[in-house]
Amino acid sequence: MIDADRQVLGHSVRKSGTDFSATAAACLVDSLEMAGSRRDEIVNAVSTGYGRSNVAFVTARSKTEIGCLSRWGRDRFPEAITIIDIGGQDNKVIKLDQDGRRASFKMNRKCAAGTGAFLEEMSLRLDIPLEAMDALARQSLEMVKLGSYCTVFSATEVLENIRHGKKVTDIVKGLFYSVVKRVLEMDSHAGRVVMTGGVVAHNPYIVEMAGEMAGRPVVLPEFPQLAGAIGAALYALDETDPIGVPDNIPAGETDG
Amino acid sequence: MAEEKKATRKKIQAADRMNKIMADYFYGLNEAATTGKRKVAWCTSVGPAELLQALGFAVHFPENHAAMLGATRMSTDLIPTANAIGYSPDICSYLTADIGAYLKGITPLAKAYPGIQSVPKPDVLVYNTNQCRDVQDWMAWYSKKLGVPSIGVTSPKNVNDVTDAHIDDVTRQIEALIPTLEGIAGVKLDMDRLRETVSLSRECTELWKQVLETATASPAPITFFDGAIHMGPAVVLRGTREAIDYYKVLLAELEQRIRDGVGAVDGETSRIYWEGMPVWGRLRQHSELFANLMSTVLASTYCSSWIFPSFDGNDPIRSMAKAYLELFIVRSDRYKEIYIKEMIGKFRIDGIIYHDAKTCPYNSNSRYGLPGRVEDETGVPSLVISGDLNDLRCISDEQTKTNIEAFIEQIAEGR
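Residue numbers (our numbering), protein chains in the order written: chain U, 9 to 264; chain W, 3 to 417.
Everything labelled a hint here was simulated from the structure, so no lab data went into it. As the structure is a prediction and not an experimental result, all values here were calculated from the model. We put the CB at the ideal spot given by N, CA and C, even for glycine. No false leads were slipped in.
Here are the simulated DSSO-like cross-link-like pairs (lysine-lysine), alpha carbons at most 30 Å apart as the crow flies:
hint, chain 1, residue 1, chain 2, residue 2
1, W, K403, U, K189
2, W, K343, U, K114
3, W, K403, U, K23
4, W, K41, W, K190
5, W, K348, U, K114
6, W, K403, U, K114
Listed next, with one range per pair, are the computed distances between beta-carbon atoms:
hint, chain 1, residue 1, chain 2, residue 2, range
7, W, G374, U, A140, 37 to 45 Å
8, U, E150, W, R286, 50 to 58 Å
9, W, D268, U, R14, 31 to 39 Å
10, U, E87, W, D268, 36 to 44 Å
11, U, D13, W, N162, 54 to 62 Å
12, W, R369, U, R109, 26 to 34 Å
13, W, Y370, U, S45, 52 to 60 Å
Selected chain W positions facing chain U (Cβ under 7 Å, derived; list incomplete):
hint, residue
14, N405
15, A408
16, E411
17, Q412
So that you can see chain W by itself, here it is in the shape it has in the complex (with noise of 0.2 Å):
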């Protein structure tokens, strides 16, 4: 019988110390909440975390832990919970699965991390429309329900080009939250501590691009599918030391992994683009589905949006401002093809794989066509999966199977 092996990608050797350092992090988390000790702010993703951290915050990502209930595939069952209170099965599946586990009184942090109860009770909750307007709702929903005050930035989008008037707007925004959470953490913002923490976001930030450009190597040492794991202490530790050691151990290793000649996947014979979210409840699925057709998923720009290169300890607020608006998600699709045609450059690839997430048009860059338009102008294949990041209902398995093993036979019958 035409048996389908099993193969895997090696194992990152850091990924005990990450583990914990994400362990302390929780901990630290929890330990704020159930003492009081410090006051907890949630903060989407890509939100003004540096300032919540100079202020003193114990930070939680709603987002982080929406992807974690979808990579332990705990999302499916818990959607229809949020579905049921009148948040469609539509909109983003990092919201429902999220607030479904609230109202079940379900996390896997007390699954992963033994004496954690649930998510850290919040003081204030804190967006960024840069992302979209689903975490506006998102954190309206736990406001109303928690009884704490929910603020944000409203974010430009489509932007072509970032320009003095999109930033000096963020800018004023970030400005104008300062005093409701200096009433909140009870302490006047020391500009001394947010100029540190956004020079430690940066330097953070550097070693994360430096991760992410061992892959332009051959065989590349590193996976999306590793990128989307080891991503964690960039998303949630940023503006700390800590996420600066552990990401200079892991560029240490890859380093030596391509000095030896080691790639993540066995025999690598082509090389592959990731466009939109991981399907986080498939993540091991999919990595052991390409590491048996010898590909490697080895760039994506889901990993690359932690990459912000503009944050500047010089001028913390401002550049926080420019940061959050030179995002991916928050740029035209002019600006996303020349970004995805540099990628193709710089780390050689072979084709391009766009997953349209149902729930997450944001980002779906397949809907508007983008695909044909860099397949024209670079001659490299893509393909479009349909799938979605966390809610398992919106995937058939086998068809995503077929249409990849297919594109990787072709990209081989096109040499």
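Looking at chain U on its own, in the form it has when it is part of the complex (with noise of 0.2 Å):
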């Protein structure tokens, strides 16, 4: 949730479950609630993501996440960027020009290497919460690589270093390292490299380490999970006739 000067007043992110819209409706009252803005007061709503078929308090339209994140970047940075945004489910690398326009996308082929997902599969295997990732790769002293693109193969390759005595810590930072190496191996990149998501919001040290890699600075933004839905925002504030107010979110359906 944004205002009519683009700044951030609300927002929420949650599990999506098995029912998008009264996930999206869910957000939608714990945003509301802190912006301390009332239903009566959103002028317009734009979607993004998996599930943008499926808010149902959104009437006008969705839009791909893909799309948002060049929104936000381009309201963001007034240059050319590489935004690589790490998802639980996909990864993308995109490139704006000096403009701000969208000069190319990719996507990560049919493999959940460099994801969110691996990330969490690993984190089972190893019987370490998620969020206790990010201090553990920090305390690595000698890290573990994984050669694998796959998965189950690095998955395989962890159990065999279990097996050989290697240090927890050394193996989260070589899972860290293989998720940066399969993302910046993904596409070139031109201009100020920007990481998003959940997977750089939760660990930081995903973004120092690519840094590193890149030997270049890469910036962590403010809200790096938010940026795609801020980016919807943008879209949402563009199509606001600055006169009159759409009458794009019927009344009492935050329920879905």
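Dock chain to chain to rebuild the complex, using the hints, since each chain is given by itself in its own frame.
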């Protein structure tokens, strides 16, 4: 939720679960509460992400997350940038030129390598909470290198390293290294490199590692996990009639 | 809710006529195989079909059958049967679907054409590796299984310019097939009949080219998805009068659409080129996805691969060799880049989609840097989508949809 000055007023992140509409509605309630706003103060809304067609309170239209990340990047960075977004399901590399136009984008191929799903799988294998991984990786003195593309093969490599007595901290840093390597390999980079998505929001050490590996500073922006959502809100603002108030959000439909 | 719209491309009226001649073709094949009135040859898609027709064979095209398995979404259940006997999930899913179907005794022909029980039993299998090595391995399996000979042309590949040396080679290979084929057919090759067949193929190919080139109009009266279906006669009936008569009817309908200003997709806002194989099991879904985005996929390498300008009835065998060699899939990336750039200009393309088909490296032209080079030179954006022609296990529909929607957004915002 943003205001007319493009400032973030309220936000909420929940696991999407099995009822996207209900989850989106709950996020709206959370965001309204955080912003101290009322439902009827919302002028326009745009949905994005994999569940973009299932957001009951959006009557206008949806945009892809790639489009929304680009819109966000154009708003926040007045220069050519490369956005590397690491999400739970996929990762994306999006290049914007100096005018903020999207020059190209790439999504990962049909493979979990370099995505949040890979780290989730590994946290289960290692029996480590996801939220503990960042601190563990930072303690590593001798990183374990994992060579495989494949999540299943990587899991076997992790088991082999455990069997050889490698430290958990070194294995976790190896997992982070694997994620960074996969996403950096996806495409070339132009301009400033900015990383977004839930994985870097919860594991900022990945951004530091990416900077070291790329040999250039990598930016971790404010609200990295919300970049796509902010982009959607910016699209909603773009479409808002500055004089009138479009009646896009029917009252009383927060329950989907 | 931001509901997904449902849009469809417009139906082509000539489709009923096409369905009739395709039915006649399949029933004719079935009759040949079940009565023994005519010998049956199986031929790979750009194999020497003209020679086989001139010798009186009824010609079955396994790739056409495999595409039907894909389009009917039967293939994904059949491929594992071939995998289980040692044919990897990483090789051609036409091959694995077709062999899997044979092993299970299944064919989409039986459902589409009542009375047909199976694919027509061959008397000979004929291949041309201009498509890929897989067609040779495919025919080799049937050869062993059915005890019939498999013969063919081993084609040069990655050709920059087609030279006399290449043409001499393939001409000699085609000529070398003749004695064996005459022995199986039980007749001597009638050169006049071959000349006529090659001339008919040429006429068919010219009409097919005109059909595809109607899409230079704006809005385009035909899409790639229509083309993938309406190319049927150009594939299985080239060298026959029926195909020629059909394309005259289809061309007239499309020209009328142009005169009426009717596009295949309502409100065409972007014009897309498709490089690579169709995803047969998702043809309708992809068609609707683009129609909803008011985008027309209007030209493709795939449909254009059945244009053979070199067929010449005056020099039948050598011109067949030349035509089979000039095929896009036989050529180097240098040639392919020039070709795609010409297509971008001719059809006024706003964006190119490269389908990277998991099991078909020969039709996946995004693996050696070609998209980037074409984009750098033309400024026309491109997108690579991961998928497959027949194996739906290799496809993420949601990722495909997101990629394509984002690509169309990018084209719109770039204006």
